[in-house]
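2 protein chains.
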Amino acid sequence: MDDITFAVLGTGGIGRRALDLPRHKDGLTPVAACDRHGIAVDPDGLDVDELLAATAGDAAGGDARADGGAGGGRPADGRAGGGAEAGGAAVERGGVAASAQAEPTETPIDDAIAASDAFDAVLLALPNLEHDFVPRVTDRFVEAGYEGVVVDVLKRSRVIGMLDERADDFEEAGITVVCGAGATPGFLTGAAAIAAQSFVEVESVEIWWGVGLESGYEDNRGTVREDIAHLDGYDLDAVRDLSDEEIEGIVDAHGGVLEFRDMEHADDALLERAGICDAADVTVGGVLDVRSDEKPTTTTVRVTGRTFDGETATNTFELGDETSMAANVNGPALGYLTAAVRRNRAGDYGVLGPAELMPRF
Amino acid sequence: MDDITFAVLGTGGIGRRALDLPRHKDGLTPVAACDRHGIAVDPDGLDVDELLAATAGDAAGGDARADGGAGGGRPADGRAGGGAEAGGAAVERGGVAASAQAEPTETPIDDAIAASDAFDAVLLALPNLEHDFVPRVTDRFVEAGYEGVVVDVLKRSRVIGMLDERADDFEEAGITVVCGAGATPGFLTGAAAIAAQSFVEVESVEIWWGVGLESGYEDNRGTVREDIAHLDGYDLDAVRDLSDEEIEGIVDAHGGVLEFRDMEHADDALLERAGICDAADVTVGGVLDVRSDEKPTTTTVRVTGRTFDGETATNTFELGDETSMAANVNGPALGYLTAAVRRNRAGDYGVLGPAELMPRF
Numbered sequence: 000m001d002d003i004t005f006a007v008l009g010t011g012g013i014g015r016r017a018l019d020l021p022r023h024k025d026g027l028t029p030v031a032a033c034d035r036h037g038i039a040v041d042p043d044g045l046d047v048d049e050l051l052a053a054t055a056g057d058a059a060g061g062d063a064r065a066d067g068g069a070g071g072g073r074p075a076d077g078r079a080g081g082g083a084e085a086g087g088a089a090v091e092r093g094g095v096a097a098s099a100q101a102e103p104t105e106t107p108i109d110d111a112i113a114a115s116d117a118f119d120a121v122l123l124a125l126p127n128l129e130h131d132f133v134p135r136v137t138d139r140f141v142e143a144g145y146e147g148v149v150v151d152v153l154k155r156s157r158v159i160g161m162l163d164e165r166a167d168d169f170e171e172a173g174i175t176v177v178c179g180a181g182a183t184p185g186f187l188t189g190a191a192a193i194a195a196q197s198f199v200e201v202e203s204v205e206i207w208w209g210v211g212l213e214s215g216y217e218d219n220r221g222t223v224r225e226d227i228a229h230l231d232g233y234d235l236d237a238v239r240d241l242s243d244e245e246i247e248g249i250v251d252a253h254g255g256v257l258e259f260r261d262m263e264h265a266d267d268a269l270l271e272r273a274g275i276c277d278a279a280d281v282t283v284g285g286v287l288d289v290r291s292d293e294k295p296t297t298t299t300v301r302v303t304g305r306t307f308d309g310e311t312a313t314n315t316f317e318l319g320d321e322t323s324m325a326a327n328v329n330g331p332a333l334g335y336l337t338a339a340v341r342r343n344r345a346g347d348y349g350v351l352g353p354a355e356l357m358p359r360f
Numbered sequence: 000m001d002d003i004t005f006a007v008l009g010t011g012g013i014g015r016r017a018l019d020l021p022r023h024k025d026g027l028t029p030v031a032a033c034d035r036h037g038i039a040v041d042p043d044g045l046d047v048d049e050l051l052a053a054t055a056g057d058a059a060g061g062d063a064r065a066d067g068g069a070g071g072g073r074p075a076d077g078r079a080g081g082g083a084e085a086g087g088a089a090v091e092r093g094g095v096a097a098s099a100q101a102e103p104t105e106t107p108i109d110d111a112i113a114a115s116d117a118f119d120a121v122l123l124a125l126p127n128l129e130h131d132f133v134p135r136v137t138d139r140f141v142e143a144g145y146e147g148v149v150v151d152v153l154k155r156s157r158v159i160g161m162l163d164e165r166a167d168d169f170e171e172a173g174i175t176v177v178c179g180a181g182a183t184p185g186f187l188t189g190a191a192a193i194a195a196q197s198f199v200e201v202e203s204v205e206i207w208w209g210v211g212l213e214s215g216y217e218d219n220r221g222t223v224r225e226d227i228a229h230l231d232g233y234d235l236d237a238v239r240d241l242s243d244e245e246i247e248g249i250v251d252a253h254g255g256v257l258e259f260r261d262m263e264h265a266d267d268a269l270l271e272r273a274g275i276c277d278a279a280d281v282t283v284g285g286v287l288d289v290r291s292d293e294k295p296t297t298t299t300v301r302v303t304g305r306t307f308d309g310e311t312a313t314n315t316f317e318l319g320d321e322t323s324m325a326a327n328v329n330g331p332a333l334g335y336l337t338a339a340v341r342r343n344r345a346g347d348y349g350v351l352g353p354a355e356l357m358p359r360f
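As given, the protein sequences belong to chains U and V, one line each in that order. Quick note, the first sequence lines up with residues 0 to 360 if you use numbering that gives the first Met the number 0. Quick note, the second sequence lines up with residues 0 to 360 if you use numbering that gives the first Met the number 0.
Do not rely on the hints blindly, as some may be mistaken.
Identical chains share a label here; the pair holds if one copy fits it or two copies do between them.
In the SDA-like style, the derived pairs of lysine to any residue whose C-alpha atoms are separated by at most 20 Å in a straight line are [to be verified]:
{"no.": "1", "residue 1": "Lys24", "residue 2": "Asp46"}
{"no.": "2", "residue 1": "Lys24", "residue 2": "Met161"}
{"no.": "3", "residue 1": "Lys24", "residue 2": "Arg341"}
{"no.": "4", "residue 1": "Lys24", "residue 2": "Glu355"}
{"no.": "5", "residue 1": "Lys24", "residue 2": "Phe307"}
{"no.": "6", "residue 1": "Lys24", "residue 2": "Ala278"}
{"no.": "7", "residue 1": "Lys24", "residue 2": "Glu142"}
{"no.": "8", "residue 1": "Lys24", "residue 2": "Pro295"}
{"no.": "9", "residue 1": "Lys24", "residue 2": "Asp231"}
In short, the hints are calculated from the structure, not lab data.
All chains, full assembly: derive it from the sequences and hints.
What follows is the structure, encoded as structure tokens:
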């Protein structure tokens, strides 16, 4: 398979790591990156060292966004920063526009689309506090005649349906969208799909995550805000209007440890569309501790099913407690991106979830 | 994606289950099956009920083989029968030739190839006590001008190299070979590849399996024989020449519980070729208890690596003790078959291991 080139929209936590990780492997080259003020494009590959230095404050500051975001500078990635980018010393940096490789722009997404001949795939690492944000960004790619892969790391179940409504548009355009390609959904739904192979019928998938976020807290206030929307009595509309002090008050009231049950997490929709089980059989919960870097609980996927020979059993996948959510978001996201480029080149367009990129029958 | 049709060569444990499992799902249809005496072909789909009834004794008897095998009627599948097909009441059955759908033949593989317009893929579920057996069968498919997918469930590392030597032939012919697509390698190397996504460098992969084989023992004497070749002081040449009584004596001397360390298992070669880690970093072992159906130890994959942010951690995948090896071989084998057909249709030919069919970057 040929090498793969990609663009990153947003240079918060996920975006910056998406630039960083390919340096550890061959065959995957970032050629474009943008935030709301600037865009850097080099078809031969960006100078990642220089760009990362220039964007070092974005995960904490107000420049992580490309245009169109609703998050007011909150980081793009959900629970993805954890510990990887502690310290806000570079907050005053000027984002992508501060890079010697970049041009300033007021229309970064349009500019990225204009440069899309240079890349096979684009990773949307943008704030996501409005449900229709990712769908709206994909609309712009369709309208601009983009052909290729779009990967997002969204988390909310209902967004999958919004993307599905656009499936015909993607197919007509030659676009392959992979939705929910981060840690959860993404890594963990993929693992669930693999674990399901012992069974002819899956009875339940239980996803339980732990995140310790002390040193990464400053960089991940947006994550915490979005998570609070999952607590009883809150939703995204409510948390969007809360002040930072009110968010802090909620965190304090919980002693810094937020436990979530029955989250509306797209794992359910993505496992159902992959034919693994019904969405109703999927439960997602977890514990976020913003006052410790140690995970308060071990991230675990439990897949219970019935084998062809009539036994009921549970296969289990556990992430080591030392793996940051950052590591668990970005490796899978780039893996799914690579798999999707293969599909796209083979003429397979439309909307795919991570579990659909797994071998299965 | 269109529906997939496939053929099964060999109707021992794996072959019969490969006919059985697709009945639980849509989109995968067996259209041909053969053993050394007969072949059944129906492009619209075999009558699986009838064929399974006709071949019910094959896993224990002498008719599991297609021609060319070296195993003297031993079952085809390695440690795959466990408990699923206990009882030898049907041992006297006549194999595929006893099916109303079948024709007798002395050249089942040639006949299968002659019918290959009817199928997208072929699963080799044949005895495998000679290292070059699977490679030699693939040669015959190449020589006959077959285009499509060939899946095997081999276990020995050195066979991967033999198939690799033929990669140009496969590419020229339009054949996609997936090797080692059973439980281990196969299921467990796939799980290891998924687990590796947290890491930029994998330090070790430890595969440890448990199999309880009391009720399946009669049906899996060939498995036990092949496993004994992994014990200190034995190899495949040695065990091939042992009488059943001598095998029994070895089993007795171990109290029915055989423990294996540092097995030559293709997991190492397959993970290396997928770029997950060096073969030398992979260890495979396990415990086989032929006097209990309970697993003597839990089948576990442990992947230890370094994250991009400098942490070392271990991700773990465990199979529920109630899952038989039968369930863990056949689900993945058919999943890999399906994934390989997609690759083949996209023009991706040559040799692939299970881990290469996983999303990764």
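Open item on the list: So, against the hints stated earlier in the document, which numbers end up violated here?
Closed with: Hints 2, 7, 8, 9 are the ones this structure does not satisfy, whereas the remaining hints hold.
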